[in-house]
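Undergrad: Residue numbers (this note's numbering), protein chains in the order written: chain A, 2 to 419; chain B, 907 to 1288.
To be clear, the hints were calculated from the coordinates, so they are not data collected in a lab.
Virtual Cβ for every residue (Gly too), placed ideally from N, Cα, C.
Check each hint, because a few of them may be wrong.
Estimated spans, in silico, between C-beta atoms of each pair [claimed, not checked]:
1) B:A1262 with A:G278: 26 to 32 Å
2) A:R342 with B:A1262: 41 to 47 Å
3) A:R342 with B:E1280: 26 to 32 Å
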Amino acid sequence: MTSPFRSVWESLHERLYFFPPFPTEVDPLVLFALLLVGGLVAGEVLYRAGGLSRIVGYVLAGALAGPLTGWLDRESLILAKPFADVALGLLLLETGRHLDLAWLRANPRLLLTSLAESGLAFAAIYAFARLAVGLSPGWSAAAAAITMASAPAVVLMGAQESRAQGQVTQRMLLLTALGCAASFVVFTVVLGVVHAERSGDWIDALAHPLWVAGGSCLIGALCARLALVVAARQHGGPAARMFVLVAVALLAVGIARMLAVPVFLSLFMMGVVLNVGDRDRRLAYASLPDGLWMLAIVLFVVTGAMLPLGDMTLETVLQGLGLILVRGAAKLLGVVLSGGRDLPVGKQVLVGVGIQPLSATAIFMAAEISAVYPEVSAAALLLPLLAAAMMEFVGPQLCRYALQRAGEAETQESGRQP
Amino acid sequence: MSDLGGLSFTRSRPLSLGVELELQLVSLRDYDLTRGATDLLAGLRYDGSFGEIKLEITESMIEVNSRPRDDVGAIGADLDGLRAVLVDHCRRNNIAICGGGTHPYHHWPERRISPGERFAYLNERYGYLSKQFTVFGQHIHIGVTSGDDAIWLTHALNRHVPHFIALSASSPFVDATDTGFVSARLNAVSAFPLSGQAPDVADWAGFLDHMALLQSCGVAESIKDLYWDVRPKPEYGTVEVRVCDTPLTVERATELAAFAQCLSRYLLRERPPVMPAMQALVARYNKFQACRFGFDAQLADPLRRCTEPLGESLPALLACLADDADALGCRLQLERLRNVAESRQGDSSWLRAIAAGSENFHELTRAATERFAEPSGYRQGP
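With the hints as extra help, turn the sequences into a complete structure.
TA: In structure tokens form, the structure reads like this:
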């Protein structure tokens, strides 16, 4: 049955030459704008009214629009996915640029800390998934690979939102970048394990991880080289360099999507290669413009809409909580036990708290795996997805708490607000 | 309000030296100032063998103090030891340090006041000026044997403030702009109400009277509140020259200490006539000339009622100090300063030359950090 409004519209379309047919699909730009405005309003309301991180508001807006009301359905999410890919890609690019090898050379203990917190987190989550939830070795490893790292989007945005500066902030960003690198390596291996476990096809088991890892590295490396070559021929100021960085990052996102290679991995690699290969420091100081961080709002709204809130039962919620707790304890212990005397213990604890977020990257990694085996992955990946769902609302607050408690977040009197 | 009894002058070894350097803490990621002083000090394992490392008013600054020394070689060794300790420790925290009187492009509202009662008091008292005080200077202490000598030497050194400014100037850039000054740092200091020159008091008793007046009027609680260009420091038994920008290298900082020591010896030995009241008439003008034009400054001489080009008077003064330099064992340091004065190529010129060849101010600060990180000729041990 058509609505009276649609009937009027269609009659006008028949009578008037210029009048367009009734639009049956939402234009992607309209959707983008609605997600942006909806997320922005929700984030700002929660920030002003409750002192919560804006990120929680963005995710809540997505959850309201998606699983809770059904307005954002699967088709809408497919339309919004390119925007979310771009946002996640740019955030992962920035995360990759934080993987500071020179710092690690000067302070190798940081590498030890990263290995400790990532390794302990992987082992604890794997053991929990295997023993407490009863997942198979392959899916337990997948759950661990997906959730072992911190959420780069949340940590970066949290630091950005708080305009934080200091050792806790810097170490959180570095550990997040290193954790991402470790998680991506494990993720590609796990892809092979899942293939072997599900289909027993050893060609897939070897070729798929190679395609994912090799493709991402190649796209990342080539695009980073391209950006550096173009930047070397540019004589403009910071704006020109930023333009080069964003334009080539968008190219990398597009190519990764065309070749069915994970966008987050390709852009992360691009960031790493930019950081390592920029000997003349052509793009070392190019920062993404503040306006681009608006894209991240769309990412968090889309992430909120992808949360499997409908699958929540008492049992799955308890399992998700269990994963969060063992993961949190492992990360905290990893940081504190391996931290040495570089930083006071209180600050090390705050670093451990600040890297707790678990979010968009995990959900997008889960989406990559579920695209391979949709029939089984929904149940098998429910555990990490529910854990990510719960942490979407807690992680940004933990990150914010750590930065504020460390005294590194900018106070109101310090000047500009984001 | 502090007790004036606490202002008794501590006798110290004549012409002994001490140097304080305020240094910039910059992020190795983008070379902007970063907040990190408290964490750096908390994680520092250092036995104090070269002197002290302390907080300064904002978290983006750190201060190093040499031990009291009799000769500039020992001062250089202390400063280089402190430099090496800090460079290594900062590197482990992804931070670099550098000299220079100003950071070329930092955004002052982003600065954070360091913890501590004194810093909180200054922030409360001076408002935004306290964050804008994120500028970096070298203070040189010269030991004297009595309060009266300290007051006399304070007045005598005041006349040479432009010389110290020109030789140390290393702050041409502020807010990513070439200010046209060789030392823009002192413009930040001038905003404070108790900056400027010591008053025309004849001796230590006169100084105590003046302090009592300031205290009773609520103007200043202690000598710490007085940001004079040159001031007595009774608890150390020294006269403190406070107008120098922090140089880009330990060598230059040591050479400036040598200049202060030789000049003080010369002044105390020769006792030239000093007329603080006359000098005060042109002090601000002469300081401006030195900050703005450096070696090209034209200084007003109120006694001879004429103008004196700093670029001519300074090399002559340095030549005149040769005997004192020989006696104090710092001829080499003074010769180097003379070369600087004659070539008119100080740290400001170096910064401007690097900036001209760089695409951005990040690279300029990077070059300054690398220059400061180089071991100096005063390095001890392997």
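Undergrad: Give a verdict on every hint.
TA: Cross-check of the supplied hints:
In this structure the supplied range 26 to 32 Å holds for A1262 (chain B) paired with G278 (chain A), their Cβ-Cβ distance being about 27 Å. For the pair R342 (chain A) and A1262 (chain B), the supplied restraint of 41 to 47 Å holds, since their beta-carbon distance comes to about 43 Å. Between R342 (chain A) and E1280 (chain B), the C-beta spacing of about 28 Å keeps the proposed range 26 to 32 Å intact.
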